[in-house]
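Visitor: Each protein sequence line maps, in turn, to chains F and W. Position 126 of the first sequence, counting from 1, maps to 126 under our numbering, and the rest follow consecutively. One rule links them: number in our numbering = place in the second sequence (from 1) + 291.
FYI, nobody ran anything at the bench for these hints, they're computed from the structure. Keep in mind that this is a model prediction, so the values were computed, not measured. Accuracy of the hints is not assured; some may be wrong.
[To be verified] Reference excerpt, derived from the structure (chain F facing chain W, CB under 8 Å, subset only):
{"no.": "1", "residue": "Asp-81"}
{"no.": "2", "residue": "Arg-89"}
{"no.": "3", "residue": "Lys-101"}
{"no.": "4", "residue": "Thr-146"}
No residue lacks a Cβ here, since even glycine has one placed at the ideal position from N, Cα and C.
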Amino acid sequence: MPIVKPKPKPAPEVLPGVRHPLEKYLRTERLPHIWCSGCGLGIALSSFLYALEELEIDPDSVAVVSGIGCAGRFAGYVRLDSYHTTHGRAIPFATGLKLAKPDLNVVVFSGDGDLFAIGGNHFIHAARRNVDITVLCVNNFNYGMTGGQVGPTTPIEGRTTTTPYGNFEHPFNLVYLAASAGATYVARWTTLHARRLKESIKEALQHPGFNFIEIISPCPTNFGRRNRLGDALDEMRYYAEKAMIRHGVDPAEAEVVPGKEFIVGKFLEVRKPTYYELYRRKVEELFGRDA
Amino acid sequence: MADKPIAHQPPRVADKRILTGVHFMNGDEAIAEGAIAAGCTFFAAYPITPQSEIAERMARRLPQVGGVFIQMEDELGAMAAVIGAAWGGVKAMTATSGPGFSLMMENIGLAIMTETPCVVVDVQRGAPSTGLPTLVGQGDMMQARWGSHGHYEIVALSPASPQEAFDLTVKAFALAERFRAPVLIMTDEVVGHMYERVEIPGEVPMAPRRKPEAPPGEFPPYQPEEDLVPPMACAGDGYRIHVTGLTHDERGYPAMDPEAHDKLVRRLCEKITRFRDEFTWWEESMTEDAEVLVVSYGISARVALGGVELARERGIKAGLFRLITIWPFPDEILRRLAERVGGIVVVEINLGQIYREVERASGGRIPMRGVFHAGGRIHTPEEVLAGIEEVLRCRS
Ligand SMILES: Cc1ncc(C[n+]2csc(CCOP(=O)(O)OP(=O)(O)O)c2C)c(N)n1
Ligand code: SF4
Ligand SMILES: [Mg+2]
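Bound-form chain F, shown alone (with noise of 0.2 Å):
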């Protein structure tokens, strides 16, 4: 988060008269963001929104939740019911949601640090169980909202506020965990490839059980800085040189490893019944189809 609050001020009209196409679905009115410029959670979430737009799906019938940090942020912008949870809590609130209104298509939308470390044991679970919902994760390597510190993705040697000598946990391959745990769609991109995003996020908001997309990201106040990794284009251009495009690549071997080269893709999507279903298909087998 920068440290100087930006004093609101009308966003500027680039063409007179002409309205941004995701204007609907944003709340507007809190504009200026508080994400740093470079940040790529900017795109992450006009990927989304694109999605949406695309997909043509009723904003009534989408909920956002998203945990806390600057990923956590994104409830607060999105012009739809969305919830601003506590750290960690994303999932197991959206789990309720979920199950108290079937019917509405609920997307989860947080960090690494959120999802991964205090939240992870719900993520497994809700995994596992396979709860209809649709997991964003912005992967920036790092807390970025509390100013930096190491977290569940940082790499090995990764310079944090909190590995000033470097980092030596090992971290976790994200995909890998959440193909394990039972995800049924789970696919990688970098905010460089927002298009190929839209299309994956399209992909798993269609499709029944609990997705997940990693979105790596840069964080240029933070972790870029620390690691010297350049400035946020820079990050973009090393995304367009070490980014392998493959699909159905077993998720183990997909660790992301600074300096060489990663997969983004699709690595799974498979169909098993989601939690729900299996809740009404017991219900059914007890009291009749009625019930």
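Here the structure of chain F is known, so what remains is to put chain W with the ligands in place on it, guided by the hints.
Guide: Relative to chain F, chain W with the ligands alone:
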């Protein structure tokens, strides 16, 4: 297992929301039935003694009434799921005991801040820590009041019998909707596990959710009505509102300034305290001419009544004040009673939590004695009698 015949499944007890009639059930089961009768259709929890009978009953009963039971991975998740379900438009409850209650504190705060109606049950056992898992305690009373961070007001009710556990659970759901707030049932292992007659009435009111009348776009979701409570637009209602645990303004948007914070926190407190008379419940026995007032709650109050009766047999004018509403504390009522008596005895299964409240409410002007036990058993009437005699001695 897929090949198991359906007959192996639990029998269909009933598919009725309200099990009208006379039952023999324990306090835990009565809480579950009270919840279902009140319209609860979502229950998320994590198993813990002595709460498990609530979860087990809910697991059996909710599918019969079209509700959802989910056993979460922990109490952090259970509390979060309950809040999510409430925003999905349903009535939701969770239940736990001390160790799980500690984990729920985080999201009880979220429910307070986001004004989410829900019910949380704590079947207290011996504590701190894992303490005495199967034995009684009343040591979470202050945690109920102050356990989540920050300043807030909370409604907490304490039943002394399975019948009252049923009745108060129904009321808890009504209060949760009335105030758009979490409501706590602070019961204990003995009431939870004791079997008694429970009469379930023919009809149980289902408290309505207060929905906005203004159309979307003209509805500031955190603009309170006259009674300081804002109407609640749930997910999918078409209002597309933002809900956050951050300090927020009437639009529900984060407002990072001290004035907005002070205004919000004061309203969240006042919406409860201003209307406390609506739900300040207590029971008095033999207090009209009492010289010694015994104050207690939950299972301890039943033992305390035995102590008061023993005192009366010995010609001591003792009376019992049984708290039903614990929080907000009924200061005014106790203050008035304290003016009429010469001594106060507080009976509770901790080392003096409600005691301090009574001392505060009564102004510390009269002698007081605590009949305490740290947990593991209930008191005996004789111990209560000894407390009464002691307070009389230090008066003379
Ligand atoms: C219970 C709790 N502990 C700690 C925090 C402080 N905190 C806020 S955001 C955050 C980390 C967020 O990291 P991540 O999910 O990766 O989001 P990012 O900011 O990187 O997008 C932490 C530790 C908190 N809000 N709540
Ligand atoms: S993730 Fe990093 S770059 Fe993005 S807003 Fe947070 S601190 Fe700034
Ligand atoms: Mg992060």
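Visitor: Take the hints in turn and mark each one as holding or not.
Guide: A quick look at each hint next to the structure:
| no. | hint | result |
| --- | --- | --- |
| 1 | Asp-81 | holds, 4 Å |
| 2 | Arg-89 | holds, 4 Å |
| 3 | Lys-101 | holds, 4 Å |
| 4 | Thr-146 | violated, 15 Å |
Of the numbered hints given earlier, the model fails hint 4 alone.
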